[in-house]
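Mind docking chain X on chain E? Use the hints.
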Amino acid sequence: AAGVIQSPRHLIKEKRETATLKCYPIPRHDTVYWYQQGPGQDPQFLISFYEKMQSDKGSIPDRFSAQQFSDYHSELNMSSLELGDSALYFCASSLAGNEQYFGPGTRLTVT
Amino acid sequence: SQQGEEDPQALSIQEGENATMNCSYKTSINNLQWYRQNSGRGLVHLILIRSNEREKHSGRLRVTLDTSKKSSSLLITASRAADTASYFCAKDGGSNYKLTFGKGTLLTVNP
Numbered sequence: 027a028a029g030v031i032q033s034p035r036h037l038i039k040e041k042r043e044t045a046t047l048k049c050y051p052i053p054r055h056d057t058v059y060w061y062q063q064g065p066g067q068d069p070q071f072l073i074s075f076y077e078k079m080q081s082d083k084g085s086i087p088d089r090f091s092a093q094q095f096s097d098y099h100s101e102l103n104m105s106s107l108e109l110g111d112s113a114l115y116f117c118a119s120s121l122a123g124n125e126q127y128f129g130p131g132t133r134l135t136v137t
Numbered sequence: 017s018q019q020g021e022e023d024p025q026a027l028s029i030q031e032g033e034n035a036t037m038n039c040s041y042k043t044s045i046n047n048l049q050w051y052r053q054n055s056g057r058g059l060v061h062l063i064l065i066r067s068n069e070r071e072k073h074s075g076r077l078r079v080t081l082d083t084s085k086k087s088s089s090l091l092i093t094a095s096r097a098a099d100t101a102s103y104f105c106a107k108d109g110g111s112n113y114k115l116t117f118g119k120g121t122l123l124t125v126n127p
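So the protein lines, in turn, are chains E and X. Per the working numbering, the first sequence starts with residue 27, numbered consecutively. Per the working numbering, the second sequence starts with residue 17, numbered consecutively.
These are computed hints drawn from the structure, not numbers from a lab. It cannot be assumed that every hint is accurate.
Stated by the list, open to error - In silico DSSO-like pairs for lysine-lysine, Cα to Cα no more than 30 Å straight-line:
hint	chain 1	residue 1	chain 2	residue 2
1	X	Lys42	E	Lys83
2	X	Lys85	E	Lys83
3	E	Lys41	X	Lys119
4	E	Lys78	E	Lys48
5	X	Lys119	X	Lys85
6	X	Lys119	X	Lys72
7	X	Lys86	X	Lys119
8	X	Lys86	X	Lys72
9	E	Lys48	X	Lys119
10	E	Lys83	E	Lys39
11	E	Lys83	E	Lys41
12	X	Lys72	X	Lys42
13	E	Lys78	E	Lys39
14	E	Lys83	E	Lys48
15	X	Lys72	X	Lys85
16	E	Lys83	X	Lys119
17	X	Lys85	X	Lys42
18	X	Lys42	X	Lys86
19	X	Lys42	X	Lys119
20	X	Lys86	E	Lys83
21	X	Lys119	E	Lys39
Just chain E, same shape as in the assembly (with noise of 0.2 Å):
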């Protein structure tokens, strides 16, 4: 079966730099999401999109921004990277109120 698809899957970036990371959601999945994993830390949720358009917002901060494309992969897109934002940054996508499947995540290194 298909699964979510990240790339890439490692990045390395240097402080004030921008990334740009992409989910491909699983094939009629209306709902992609986005969570950030600091080290030794639990996911916390950053966006969310259902169909195409922002459902939701947690802690993300000003300097990120997302959008959900007309193929419905999505681009997370991160400017003035700070030390802080080391961590891994996963998609995960689902059928709304239902099981959310995660990718294999980017791991984000700023140095």
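Showing chain X alone in chain E's frame:
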């Protein structure tokens, strides 16, 4: 915040023994989902239990939900060394299906 407590924070058992992890929450939920995560890897979906369900099974996994006590438990029977991982409960309690994760239980199964 809907975040509750998970206990224990860490659990070490011998292969073949059963492992029980507990999760509590503070506000009402639509459903509760359990995940497994190996160190630094992706989140693997285990079971979703809805607020009107009391128990669900999947292979060696059994999840219970007590909405009156706002608590859930995950039981892994006949544990194996490969079950060694962190286990998270995640609460879906809002209208937009975002998940709020607990702090997780680190399970170590010794061969």
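These are the hints, each one checked on the structure:
1. X/Lys42 with E/Lys83: With Cα atoms ~21 Å apart, X/Lys42 and E/Lys83 stay inside 30 Å; holds.
2. X/Lys85 with E/Lys83: With a Cα-Cα distance of about 29 Å, the restraint between X/Lys85 and E/Lys83 holds, given a limit of 30 Å.
3. E/Lys41 with X/Lys119: holds, 29 Å
4. E/Lys78 with E/Lys48: Between E/Lys78 and E/Lys48 the Cα gap is close to 15 Å, so the pair holds against 30 Å.
5. X/Lys119 with X/Lys85: Roughly 19 Å between the alpha carbons, so the hint for X/Lys119 and X/Lys85 holds.
6. X/Lys119 with X/Lys72: holds, 22 Å
7. X/Lys86 with X/Lys119: Satisfied, since the Cα-Cα distance of roughly 16 Å is no more than 30 Å.
8. X/Lys86 with X/Lys72: Between X/Lys86 and X/Lys72 the Cα gap is close to 16 Å, so the pair holds against 30 Å.
9. E/Lys48 with X/Lys119: Satisfied, since the Cα-Cα distance of roughly 26 Å is no more than 30 Å.
10. E/Lys83 with E/Lys39: Holds, at roughly 25 Å.
11. E/Lys83 with E/Lys41: Given pair E/Lys83, E/Lys41 holds - Cα atoms ~25 Å apart, limit 30 Å.
12. X/Lys72 with X/Lys42: Holds - the C-alpha atoms of X/Lys42 and X/Lys72 are around 22 Å apart, at most 30 Å.
13. E/Lys78 with E/Lys39: Distance of about 28 Å is within 30 Å: holds.
14. E/Lys83 with E/Lys48: Holds: E/Lys83 and E/Lys48 sit about 18 Å apart, inside 30 Å.
15. X/Lys72 with X/Lys85: holds, 18 Å
16. E/Lys83 with X/Lys119: holds, 21 Å
17. X/Lys85 with X/Lys42: holds, 9 Å
18. X/Lys42 with X/Lys86: holds, 7 Å
19. X/Lys42 with X/Lys119: holds, 14 Å
20. X/Lys86 with E/Lys83: holds, 25 Å
21. X/Lys119 with E/Lys39: Roughly 28 Å separates the two Cα atoms, so the pair holds.
Violation of the numbered hints given earlier is absent; every hint is satisfied by the structure.
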